[in-house]
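Participant: Listed below are the residues making up each chain.
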Amino acid sequence: MDVLTLFGVMVALGAIIGGNILEGGHTSSLVQLTAFVIVVGGTLGAVMVQTPFNVFMRASKMILWIVMPPKIEGEETVNKIIEWSKISRKEGLLGLEDIAEQEPDPFSSKCLRLLVDGSDPEAIRKIMEVELGNDEHRDLMAAKVYESAGGYSPTIGIIGAVMGLIHVMQNLKDPSMLGSGIAVAFVATIYGVGAANLLLLPIANKLKAVIGRRVQYHEMILDGITAIAEGENPRTIENKLLAYMP
Amino acid sequence: MDVLTLFGVMVALGAIIGGNILEGGHTSSLVQLTAFVIVVGGTLGAVMVQTPFNVFMRASKMILWIVMPPKIEGEETVNKIIEWSKISRKEGLLGLEDIAEQEPDPFSSKCLRLLVDGSDPEAIRKIMEVELGNDEHRDLMAAKVYESAGGYSPTIGIIGAVMGLIHVMQNLKDPSMLGSGIAVAFVATIYGVGAANLLLLPIANKLKAVIGRRVQYHEMILDGITAIAEGENPRTIENKLLAYMP
Amino acid sequence: MDVLTLFGVMVALGAIIGGNILEGGHTSSLVQLTAFVIVVGGTLGAVMVQTPFNVFMRASKMILWIVMPPKIEGEETVNKIIEWSKISRKEGLLGLEDIAEQEPDPFSSKCLRLLVDGSDPEAIRKIMEVELGNDEHRDLMAAKVYESAGGYSPTIGIIGAVMGLIHVMQNLKDPSMLGSGIAVAFVATIYGVGAANLLLLPIANKLKAVIGRRVQYHEMILDGITAIAEGENPRTIENKLLAYMP
Amino acid sequence: MDVLTLFGVMVALGAIIGGNILEGGHTSSLVQLTAFVIVVGGTLGAVMVQTPFNVFMRASKMILWIVMPPKIEGEETVNKIIEWSKISRKEGLLGLEDIAEQEPDPFSSKCLRLLVDGSDPEAIRKIMEVELGNDEHRDLMAAKVYESAGGYSPTIGIIGAVMGLIHVMQNLKDPSMLGSGIAVAFVATIYGVGAANLLLLPIANKLKAVIGRRVQYHEMILDGITAIAEGENPRTIENKLLAYMP
Amino acid sequence: MDVLTLFGVMVALGAIIGGNILEGGHTSSLVQLTAFVIVVGGTLGAVMVQTPFNVFMRASKMILWIVMPPKIEGEETVNKIIEWSKISRKEGLLGLEDIAEQEPDPFSSKCLRLLVDGSDPEAIRKIMEVELGNDEHRDLMAAKVYESAGGYSPTIGIIGAVMGLIHVMQNLKDPSMLGSGIAVAFVATIYGVGAANLLLLPIANKLKAVIGRRVQYHEMILDGITAIAEGENPRTIENKLLAYMP
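Here the protein sequences line up with chains A, B, C, D and E, keeping their order. According to the working numbering, the first sequence is numbered sequentially starting from 3. According to the working numbering, the second sequence is numbered sequentially starting from 3. According to the working numbering, the third sequence is numbered sequentially starting from 3. According to the working numbering, the fourth sequence is numbered sequentially starting from 3. According to the working numbering, the fifth sequence is numbered sequentially starting from 3.
Don't read these hints as lab results, they were simulated from the structure. Here the structure is a predicted model, which means the values were calculated and not measured. Do not rely on the hints blindly, as some may be mistaken.
Just so you know, same-sequence chains aren't split out, so a pair can sit in one copy or run between any two.
Pairs of lysine-lysine residues, derived as DSS-like cross-links and limited to a Cα-Cα distance of at most 27 Å, are as follows [stated by the list, open to error]: (1) K128 <-> K82; (2) K112 <-> K82; (3) K82 <-> K92; (4) K112 <-> K128; (5) K63 <-> K88; (6) K112 <-> K88; (7) K92 <-> K210; (8) K175 <-> K63; (9) K175 <-> K88; (10) K175 <-> K73; (11) K73 <-> K88; (12) K112 <-> K210.
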């Protein structure tokens, strides 16, 4: 569980709201339904237009990854792969059949099943690289939903602000309304810019970092499995895999 | 049929118009012919200057893809290719001649015809990759028409706004006109920014996602056909193709 | 001749000027010498600083391509290449000697001369790919002159506007001048943004599209000539080349 | 120790503060707690949301590199590698065993140990390139923390400014507060833009330059070690390595 | 000597100053020490923070290249290389020993010395490509110093403008100062934007063009030398090298 992300959200919101209080402003002046409807609705709508349905669903689920990224057990996995290589040397590839069935990680499990099937190393690499590439592409598409939202929200905030200013301009005869009208208009800008810079873009970047690390982890597993298929000795495999460790 | 896109358009427009009503504005204040002429005409003109005629026509037709993307029948196609590989093992490649004639998808059909002609796997791959690359390039060119339009429309909206402000400034002597004049000028900004962020850029991104998925689908077909040409067994082909499935 | 480009210029200018008239503005208020001098002179100067002399000259000449792109005779050229492959099968490569001399397209002619000289396919490909890469690089450099100009002109328009505002600010005592002074200042913005978005960037993008298509066309020719050099049969060559057709 | 960086910070701050004094402003008018809280807190929060914990820690430590970059001893290392190649020719690879143990640079030491183990050149290259790639990726991730911060801080400065303006607008009745209120609001912009352009982005770029140079240095070492493994003569190795020298 | 660059600087400055005069402004109103200190000092400081010392020195020297680019003698060099290939055919590679010593261009000279040493073509190519890559990287790093400066200066101009506006706002009680105060503030914007768009970015782009052309020229030399090492006949070498000519 990655608490830095949650902590970051609190720091950012605390700075904005605390800064407003320090300046003598009322927090209530930052809360406004109209601006919220325009920015959230407009951004959501723009994202819905551009996103295929399954990508949209995956993006909704992937948001959890920012606090609970999928498990990456680097050293543990290195040890497991070395163990597998020893078994395959002693008992042959078929000795890994039960392990392939019980392996909980679907990527490792699929690699192992190809290995047990007796596929040659080149074939395992090719098939799993297609899988890896498609997994990465699908996950990056989902992460880019947040990036796109972070691209749209500031400009939609500006639409909200300009609409507010139009409203103000049409009621210029009542100057007492001027200031507060403009104030209200500006809140849409804050929502748009704030949503992008304090939430959407950081979320997108966090997801990309998580995806990148996961791809690297799967590449390590694939390297290990093909090394087993090539019959390399456990010592060499260990050397290879430790190069992936930070 | 991808309803999320249509739904997204409604959400986005609903948020903007609803937000305006919430704020006490008249929807009519967002409707203005001059701004519409400037933004739509200017953007359309800029796009016409830069786009070769055939790309312009393809872009006009491709707009339908955002709600009706070309069919991608992943699993069905995997089954069809495995079926073809079995036929080619039993009856030889010529057994696929009738199937090649009747295959409705032009890409698959062309692959099959090259296969039946007895082209070697490397030749099939080379020829079809040229075709695939050119198809992708042509479609991306068409999608970029919308992306370019989304790049031009906000700045053309600003041209409209500045022209409106010039008009206002020249009539400063009549202050009663000031507010509504500026209001009118701002509508051009909303049209330009809104067209880009709620329609043009999301459409371009949706088209790119559709194109990307289609290219991947065709790559899968090509992988399957070359595997048949190499005489691989149906089990291996299935393993290969399933790696493309999400 | 590509009329869409000329038509696009008219649509864009018509929208801007028509929009101004609709709004009740005088077209004359959009015509201003000072702004023109600043934007055109500044942009031209910036481009001159950055562009080597021969690239600058090529860019000046290449502007014609936006309405008269170099001829791309796809199908006709496929037929010619197939014809050549038949001649080379009947009469040997020397049978192409006269054709090489008379071929009007310099790229095809150079390929043919290398073929007649008896260069091996790999050598032809290597030499002509260097030529192709250098041609593309040189043309893209020239197209980027317009892209750069489109990057500079909006900010130089802003320089003009700010200079105008400075002038206005120094004469604040005479408020009757205020409005029209600001109006004049804003025209520079319109010139800068308009030149970029309605002319310079679309021209650059059009040139890039033309260049891209021409490179693809030359790649097709090169593929055909190397296939002749490899002695492939006309049927296979036709299959290869048709993959380039849209 | 790279003093240019420290000197640069002083030049930049001196120019800003000196400029303010020249203009007759009080330096105190540039010091403001609220703006500081909003910009620093908001930027820090956004960065925390997006950065995995270990990357965040590495970025905190890497900041020292901008004045004390890791040692790159080009010529000295070339001489050392040539020395090693001579030893390996005289005493065999095992003659390098003690040197591998004592080598202080971890990258060189790891390369040497693989060499002494008798790994073939291709294996050394593969393993160390994975290590090199992962090192570079990890360091660039850390450098991008500053780049991201430099992307967020200006927009968060704008949030601070807009919040200040809202506050001003709500107190329009007291015009005597107007000017100083706006002045305070603008300080947030200066903090955001200044932090990005005078500190965060230059730091990120400096770190990237340091990382790039270090990667190149490690590539040189790896090239030398694999050349030793291939048994090349010291003269050829020297030629190879000197090509890396500036 | 490339006069277009100098001419461009004059055109750009002439347009700005001439435009100001046309508008009835005093040239003196564009001259202001404070703005100059802030923009030049701030930009220089930011660049110093990010640039390693040797890159900074190289960038300072490379500025001369914009009017006096390093000599590229295309045709002359082609003739020289063909001459060398003839000598090597008649007298063997050792016949080039004196020529290698006397060759003034360091890149050609180094290639020739490797050739005379009897290195095989693949080794010459590998060593010189490392050299070429490092040269290009080092020069691009230096050119990017100007690009970065062009990225920083507009925003630092904005810092100057905002600081000016703060100063104005704090002295609102004296409205007679208002206009000229704002005017002074705006000059910083003009300096920042002008420095970037009329000098720094065009200089960076010019340097990149010069570097690109030089790399291409060195690639041609390297291609020629490796062709000599491979013992190709002068006719073939000429064909190869002429493909590099524009």
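Participant: Each hint should be assessed against the structure and marked as holding or not.
Facilitator: Here's how the hints hold up against the structure:
1. K128 <-> K82: both (23 Å within a copy, 22 Å between copies)
2. K112 <-> K82: Both, since 15 Å and 23 Å are each at most 27 Å.
3. K82 <-> K92: Close inside one copy (15 Å), not across copies (41 Å); limit 27 Å.
4. K112 <-> K128: For K112 and K128, both the intra-copy (13 Å) and inter-copy (25 Å) Cα distances are at most 27 Å.
5. K63 <-> K88: neither (38 Å within a copy, 39 Å between copies)
6. K112 <-> K88: Both. Shortest intra-copy (19 Å) and inter-copy (24 Å) distances satisfy the 27 Å Cα cut-off.
7. K92 <-> K210: neither (40 Å within a copy, 47 Å between copies)
8. K175 <-> K63: neither (50 Å within a copy, 49 Å between copies)
9. K175 <-> K88: neither (86 Å within a copy, 82 Å between copies)
10. K175 <-> K73: For K175 and K73, neither the intra-copy (62 Å) nor the inter-copy (58 Å) Cα distance is at most 27 Å.
11. K73 <-> K88: Close inside one copy (25 Å), not across copies (41 Å); limit 27 Å.
12. K112 <-> K210: within (24 Å within a copy, 31 Å between copies)
Hint check: violations occur at hints 5, 7, 8, 9, 10; the rest are consistent with the structure.
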